[in-house]
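Peer 1: Read off the chains here:
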Amino acid sequence: MSNIQEFDCRPDSQQGAESSLHWSYQNQKPRSPGQNPGVQIREHALLGHLTLRGGAIVLDEAVRDVLGTTLPSRPHAINQNDAGTHSIQWISPDEWLVIVPGGEEFSIEAQLRKALGDAHFSIVNVSGGQTVLTLSGEKALEVLMKSTSYDVHPLAFPVGKGVTTTFGKATAIIRRPAEDHWELVIRRSFADYIYRWLLDASAEYGVTTS
Amino acid sequence: MTQQNRLANGGLIDRKRQLTFTYNGKRYTGYEGDTLASALLANGVDIVNRSFKYSRPRGVVAAGAEEPNALVQLGATESTQVPNVRATQQALYEGLVAKSTNGWPNVQRDLMGMVGKMGGSFMPPGFYYKTFMAPASMWMTYEKYIRKGAGLGRSPTENDPDTYDHLHQHCDVLVIGAGPSGLMAALSAGRRGVRVILCDEQEEMGGSLLDSRELINSQPATRWVSDTLDELNQLDNVTVLSRTTAHGYHDHNFVTLHERRTEHIWDRATPANGRPQVRSRLHRVRAKRVILATGTHERPLVYANNDVPGNMIAGAISSYIRRYGVVPGNSLVLSTNNDHAYRTALNWHEAGRKVVAIVDARPSPKGTLVDQARALDIRIISGSAVIEGKGTNRVSGACVAAIDPAAFKVTGKVEELECDTIASSGGYSPVVHLSSHTGTRPQWNSEIPAFVPGEVKGMTPVGSVTGVFDLKTAFDTALSAIDHALEEAGDTSSSKVTEAPQVDAIQEGPCCALYQVPHTKTTLRAPKQFVDFQNDVTASAIEIATREGFESIEHVKRYTALGFGTDQGKLGNINGMAIAARILNRSIPEVGTTVFRPNYTPVTFGAIAGRHCRDLFDPERYTALHQWHVEHGAEFEDVGQWKRPWYFPKTVNGKKETLDEAVARECLAVREKIGILDASTLGKIDIQGPDAREFLNRVYTNKWAKLAPGRVRYGLMCKDDGMLMDDGTTSCLAENHFLMTTTTGGAAGVLEWLEVWHQTEWPELDVYFTSVTDHWATMTVTGPDARKLMEEVTTDVDLDRESFKFMDWKEGTVAGVPARIFRISFTGELAYEINIQANYAMKVWLELFDKGEKYGLTPYGTETMHVLRAEKGLIIAGQDTDGSVTPEDLGLQWAVGYDKPFEWIGKRALTRPDTSRKDRKQFVGLKPKDANVVLEEGAQIVLDPNQSIPMAMVGHVTSSYYSAHLKRGIALAVVKGGHERMGETVYLPMADGKVHEAEIVSPVFLDPKWERQNV
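Going line by line, the protein sequences match chains E and F. Per the working numbering, residue 1 is the first one in the first sequence, and the count goes up by one each step. Per the working numbering, residue 1 is the first one in the second sequence, and the count goes up by one each step.
Hints should not be assumed to be uniformly reliable.
[Stated by the list, open to error] Simulated crosslink set (DSS-like; lysine-lysine; CA at most 30 Å straight-line):
no.	chain 1	residue 1	chain 2	residue 2
1	F	K673	F	K472
2	E	K29	F	K673
3	F	K650	E	K29
[To be verified] Have a look at the derived ranges for each label pair, beta carbon to beta carbon:
no.	chain 1	residue 1	chain 2	residue 2	range
4	F	G749	E	S73	27 to 35 Å
5	F	G274	E	G55	18 to 26 Å
6	F	M982	E	G55	53 to 61 Å
7	F	A489	E	S73	45 to 53 Å
8	F	D236	E	S73	41 to 49 Å
[Claimed, not checked] Taking beta-carbon pairs under 7 Å as the criterion, some of the chain E residues facing chain F (in silico):
no.	residue
9	D82
10	L116
11	G129
Just so you know, these hints were derived from the structure itself, not from any lab. C-beta atoms are modelled at their ideal positions from N, C-alpha and C, and glycine is treated no differently.
Isolated chain E (complex conformation):
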């Protein structure tokens, strides 16, 4: 028996699956975006999320082999594969967040475990516990400035950066995977609060959701 219990907690059927914001969508009255809304919010629901912990030197090769991208060694860096479907983000000196298309998380965990062998590391599937929002539009930056005390100005927050920080009175991972949009990785239990916060903070600019 393996020393770790590997457990695929995702059922084959996705019928009845509910993202962290399932209820919020029904509960929040639709916004009137008006002309040229300044903010767009979009959820990337039901992705695979893995928390990877271990030493950088231990993990690097396995990550490269399995994810097709190198382990970001600089603090706050995110690396993505070319298609942008798989990403890995530096969270702390021995912690990384891997986000992959929904359904791949268990096989990626298994591949990483195989590649890492007896090394000391941990991989934890946290897919049910968080979701990803993208924030775009010309006022997205202002909405972030309303929400976090972290400096999100493009000079201080270039593409390829991501941080775990305060968001309203909750926390979120704020990432900038590309020039034209931001990503928020938020915890399931705080998702409704953060969603309501975003709608409220964006109201003056006009906001669409999808």
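Put chain F on the given structure of chain E with help from the hints.
Peer 2: Same frame as chain E, now just chain F:
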């Protein structure tokens, strides 16, 4: 009403756009570009308020933030009321409605004024304290009327309909103040490409340049202002914030700015493009460098009756004439100790009104402006000052006499000049408030003479706040401050050197020190000489305070109220200090300043709260099943930030169940049939690593060496003081893999606790912790019929009581979804805790109800959970424990492994004599003698109800409920030596005089052999 004081032309107002407003119920007109104060002055409104203590009539004195009198209550509707708005800072808009904040029943005819007039000399400092001290019980009555008479505005009684928010800003250079030096600094920094924020509290940017007589590059100064602002607005790296007050300067260059975004437009924030707008915004700025360009406040002179309407500070009159095209009177006497104020007389003269005289305290004034006044044949009375103003509701004359400031006496004959306006200037006090917020003390500069900002790391003062008042120096210091600041920050690019514009040199003579003007009578006998208008503090009050022994300036402040209120001593502080210094025979720097604190001017609560209000006040955490709970009528309980279903009231015969009824029904369902609980909020921590087991051994009190994969164990966690901190079950998932559960409220704290011990004490242990609280939804199916339901929803799990034992866990499929199932019980009944990946939880939950209906599956909430566990004597950490309870106090010594090889957390503390005392408060059950009594949680326990008060209290009730199953009240408690007192009777005296009787029993009220959970 006509605007009798409005000039036909001139000023920065737009005469084509007339605005109507209401002040104290009367309609007036003004123009776009006016402030409320300038519009009132234009309309000849002399009295804008009644003074705080003496109820004397007061008029507009200043033109900016330093205005002490013209405080208004703004707002057209109840919900939009804003108290204490300075009329000098409120832009006029169409339909503005304002009232004076003071004056009862109104400003013109004031009852309290009689008190001031007749009792004025009987109202020394401390009057209210001294007079209304006794009897103490009457103070509430006195206070009501005193407040009504004195009050400074009122808060609205309805909710504010507008929204407010915060914006977090970061910049290289924050420039506070957009006068000449601030604009110059912002332009220079902006051109060099660094991140710049420029803020200014006024309606328009430009500061002193808005009413300046001087030319810049041979053009009017306002032209340079608009050119500079145009360029700044073009620059992407520059944020220009107008109507934005820097109100607090905190540690590490963290500065808070209050931006009023819509208050110049209307009573409420009007939507734009159908989108709600933010009324005001708090910018929380972290600046690498702060450029302090806050300028100066002109000091009024302190002379007799200097508060009668028509007395103004000189610079304010210049502002009204040159910015707003308003001359607030017909004939002017100017009393000054400096050249700069001569501008006021020149402006007044140019406006076509009469300058009666310039009274200059200096024996032989000379300089460019003095020459200009002489050339206009304006009478200059040198070596003299206005020693007293005449008039009651408006100035009617000025008494002028030769004085000797150093000797503090009048040296010549008194001449009375007829006039309706007295302008005074006692020099210019740098606005040191913000720099002082940081804790640094301002420094005395004897040349100006006034205080200048003390040193603050990362802050550079520029312009007149440094005590240098000429325009050329203002520009030069601003440029060099930026060069220096950026050089320090490592930016040596000089590619975009900015040059100072050309200005004409103006020769100004030195000023002389003059604060309080001597009178022919002594200070105590002369008419009142006001120092602090807002708090009605006079020179004689300061003198009395020092005589009564209040010598420290901080004591003088508190005894007289000098510098209190919204005013924060902007006009009066230096004068007050100078008077105290003169009386105490000390120098002003020896007397020192009081401490200026945030906020510089009042900030509305809305801006402070920002978006953190109403349903966004605090995060509400929801489980994956929250929607179902809402749809099924759950009442919710706050557990930390979580919303947990408290109970699920049913409607029976058209009547909704009460808490007690619902809980009784839910409890019986679990005891007799089957119930289900959403336990998703329990903290869950995934622990992996070869040393995971060893780590558990060290953080828990009990043993983990032999827990086999597939088994679960209850664990107690102590702090290093040996007191219980948290409890929960931990399951061995595999040899190096565990799943720990914590209490709902303890989840984040426990994870942090584990990380702290791992990172600081035992880094050699190979183990990692990851929170999976949100990843797993947890449903507890419990009751005698639990197995029946489980059999229907699982196909691949052997549920036989022998093969799936109590404290086993298994992996399997529930309702088609992979699940971990734990046979643990917090109810004492047969129970299965099912962990499902949260995205699929609702599907499983619905399936459980689908199949469970026929068994009477009943959802229950936290209240029922509490009752059920209390019937079994199971503790809740944080309710039955309070940080002073050891595992042994709880009777849980079976879960403490003293013989474990490693020193686990809390062991040392638990081997102290104190933790093994026999008379410690110990956890027991209480059975009220009267079965219907439900004891009060928190009730104190005594052994003898007849002892005299104070009684010796031996413990208290920690949990108490009515048990529907046992048909009686039950309670859990801690009692001194309780474990040895089984069967004894204790008493609980209540506040209403009743004394309850209860028997000490085992906390396990039901099923002492623990058979029900093993059925």
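Peer 1: Each hint should be assessed against the structure and marked as holding or not.
Peer 2: Comparing the hints with the structure gives:
1. For the suggested pair K673 (chain F) and K472 (chain F), the alpha carbons sit about 90 Å apart, so the restraint of at most 30 Å is broken.
2. At roughly 40 Å between alpha-carbon atoms, K29 (chain E) and K673 (chain F) are farther apart than 30 Å, so this suggested pair is violated.
3. For the suggested pair K650 (chain F) and K29 (chain E), the alpha carbons sit about 28 Å apart, so the restraint of at most 30 Å is met.
4. Under the hint 27 to 35 Å, the C-beta atoms of G749 (chain F) and S73 (chain E), about 31 Å apart, fit the expected range.
5. Between G274 (chain F) and G55 (chain E) the beta carbon distance is about 54 Å. The supplied range of 18 to 26 Å is therefore violated.
6. Distance hint check: the CB atoms of M982 (chain F) and G55 (chain E) are about 55 Å apart, consistent with the given range 53 to 61 Å.
7. The given range of 45 to 53 Å is broken by A489 (chain F) and S73 (chain E), whose C-beta atoms sit roughly 28 Å from each other.
8. One distance hint, 41 to 49 Å for the beta-carbon pair D236 (chain F) and S73 (chain E), is violated here, with the actual separation near 33 Å.
9. Annotation: D82 (chain E) was flagged as interfacial toward chain F, and the flag is violated, the nearest CB pair being 28 Å apart, outside 7 Å.
10. At about 12 Å, the closest approach between the beta carbon of L116 (chain E) and any beta carbon in chain F exceeds 7 Å, and the interface hint on this residue is violated.
11. A least Cβ separation of about 3 Å between G129 (chain E) and chain F falls short of the 7 Å threshold, and the interface hint therefore holds.
Hint compliance for this structure: hints 1, 2, 5, 7, 8, 9, 10 are not met, and every other hint is.
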